[in-house]
Amino acid sequence: MRLRASDLTLAYDRRVVASNLDVSITDGSFTVIVGPNACGKSTLLKALARVLTPQSGAVHLDGRAISSYPSKEVARRLGMLPQSPVVPGGIVVEELVARGRFAHQRLLRQWSPEDEAAVADAMRLTGTEALADRFVDELSGGQRQRVWLAVALAQQTSILLLDEPTTFLDLSHQFEVLDLCADLHEQGRTIVAVLHDLNHACRYATELIVMRDGAVLAQGPPAEVMTAELVERVFAMPCRVMTDPETETPMIVPASRARRRALA
Amino acid sequence: MKAGSKVRAVRYGPVSLRLHPRALAVGAALLLVALAVALVNLTSGDFPLPASDVLRSLVGQGDAGTDFIVLELRLPRVLLTLLVGAALGAGGAVFQSLTRNPLGSPDFVGITVGAATGALVVMLILGGGGVQVATGAVIGCVATSVGIYLLAFRRGAQPFRLVLMGVGVSALLEAFNSYLIYRGRLDEAMAAQVWQIGSVNGRTWTEVTIVGVAVAVLLPIALYYGRQLTMLSLGDEMAVLHGVPVERSRIVLALAAVGLAAGATAAAGPIAFVALAAPPLAARLTRSPGAGILPAAMMGAALLTAGDWAAQHTLPGDDIPVGIITAALGGVYLTWLLIHERRTRG
Ligand SMILES: Nc1ncnc2c1ncn2[C@@H]1O[C@H](COP(=O)(O)OP(=O)(O)O)[C@@H](O)[C@H]1O
Ligand SMILES: [Mg+2]
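The listed protein sequences correspond, in order, to chains Y and B.
Quick note on numbering: the first sequence equals residues 1 to 264 in the numbering used here.
Quick note on numbering: the second sequence equals residues 265 to 610 in the numbering used here.
Here chain Y stands alone, though its shape is the one from the complex:
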């Protein structure tokens, strides 16, 4: 396993979000993390990307503690789209996407042909070319989300962590982003995404990680882990699990209001 966390304690100051957390990301998988709000999904992702230092335990990347790498070396292997990046003022989209190349640049290698190609690819894949000259702080939430995705893609890492990449997007753009992730996955990258929609998760994930209260309750292919009991236990939501007629993956149908009231 290239990316592995062992015995993590994750906390903000004294607020402990997770303890004794072990997670391994299967190489070449499209892993989707699901779980209720505030259960620690973003926190886990931040720890995996060494944005948050664990209070104890360690994250290993390619067999070495991630904290022991030079910072650029990690950034060439692992990229992440944070949940709510700070929106910078006075910068146009193309310039921002170009900053995604920082880890590949040096003082005298500031803008190689590879940099240029990577930025062009990232913008093409995310459909942001038409926005190239627009100011980032003047974009809609959905446009901005695709720009940030382009920044992460420009980094050209073989492991990509995405925290809620489909928020702010309308239905067709959600599927565009998910399809893009699936394409990247097919090209051999390891994708780890936090998603809220369980049906999207089941359709796209090769592997699910189900979290609650800072703990991993289940990990495995959606068809194996996604059961009505699990959904009820994790989300406190009675439901039926059926087969998605389009993809033959599990499909979660929440119980009706009347049935939920009857069960309560």
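Hints were generated in silico from the structure; no laboratory data involved.
One should not assume that every hint holds.
To be verified - Derived lysine to aspartate or glutamate pairs resembling DMTMM-like cross-links, with alpha carbons at most 25 Å apart:
#, chain 1, residue 1, chain 2, residue 2
1, B, K270, Y, D121
2, B, K270, Y, D133
3, B, K270, Y, E138
4, Y, K72, B, E501
5, Y, K72, B, E511
We have chain Y already, so just place chain B with the ligands on it with the hints.
For chain B with the ligands alone, kept in the frame of chain Y given last:
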């Protein structure tokens, strides 16, 4: 506002540079303006000299009389103006970028006030002068910066806390400085008060050397870390993700900026507003994102030389401290900034 300026790649073998032609052109134009005004300042004074004589002296072909006036009397002051302006502009650009705040410049967050405290302590309590005052200013500057950093430090120095702490510390030190002047002997208090305005009058090669060394050593360091600074403006999280050593970069950049401000203040006193106004003015002209340290330095040099020209010519027969001119210009700028911010915020 128009879209950002275009980028050009310059490649030669494995070397590739990412250049903003517009920023380069603006930087070069500002440098030319600064040098032209500097030349005018060399020609003017009690004994007006033709530019041709001044240039001849500068290249070592003048007569003894002109040489004395140009090289001994006027050149230190003119060089000092250029260097102090550049140091303030560059230091301001780094600070505003680090704090992500247009008011986060050394003169606003109390760093130059701390330098003044150091200088006043030397002048009024220890009875020192000259290089000792400059040393006091540097010590005061660095001590204040470290103090503000420690006060603002809570889970990493948050930019906004730094600015607020700086403004608070600045007010306290301001009061202390007033007290020092109040309790001083009249003649000493006068000298201290004039020093506090910020001036390049009657400065010698000693002061030129102080700020010259600061610029020669620290400006390249700041420029070297310029790309890291640009990444830091995306927020710490994004910077980490893209491989910026955040804490190290921030400390190196902050120390370089403090050093630049300290060198400038030690040499010329706390000259107001150049560090605050030069970076955004330069950025308006370059229309480039990023910290724009070099254009800000050039803008600082141009502003201060122009300010010094005005200081010599505003009141006939009186050579007022340049700090008065920059403070007046700064007041206008700050008013404009506040009105403009209100307007853009809607
Ligand atoms: N920067 C922070 N400082 C303090 N607490 C935080 C911070 N970020 C998240 N938390 C807390 O940590 C817990 C987990 O948050 P998070 O990982 O963001 O959840 P989610 O699963 O929704 O992504 C929540 O209780 C949240 O309030
Ligand atoms: Mg989250």
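Any hints this thing doesn't respect? Which numbers, in order?
none
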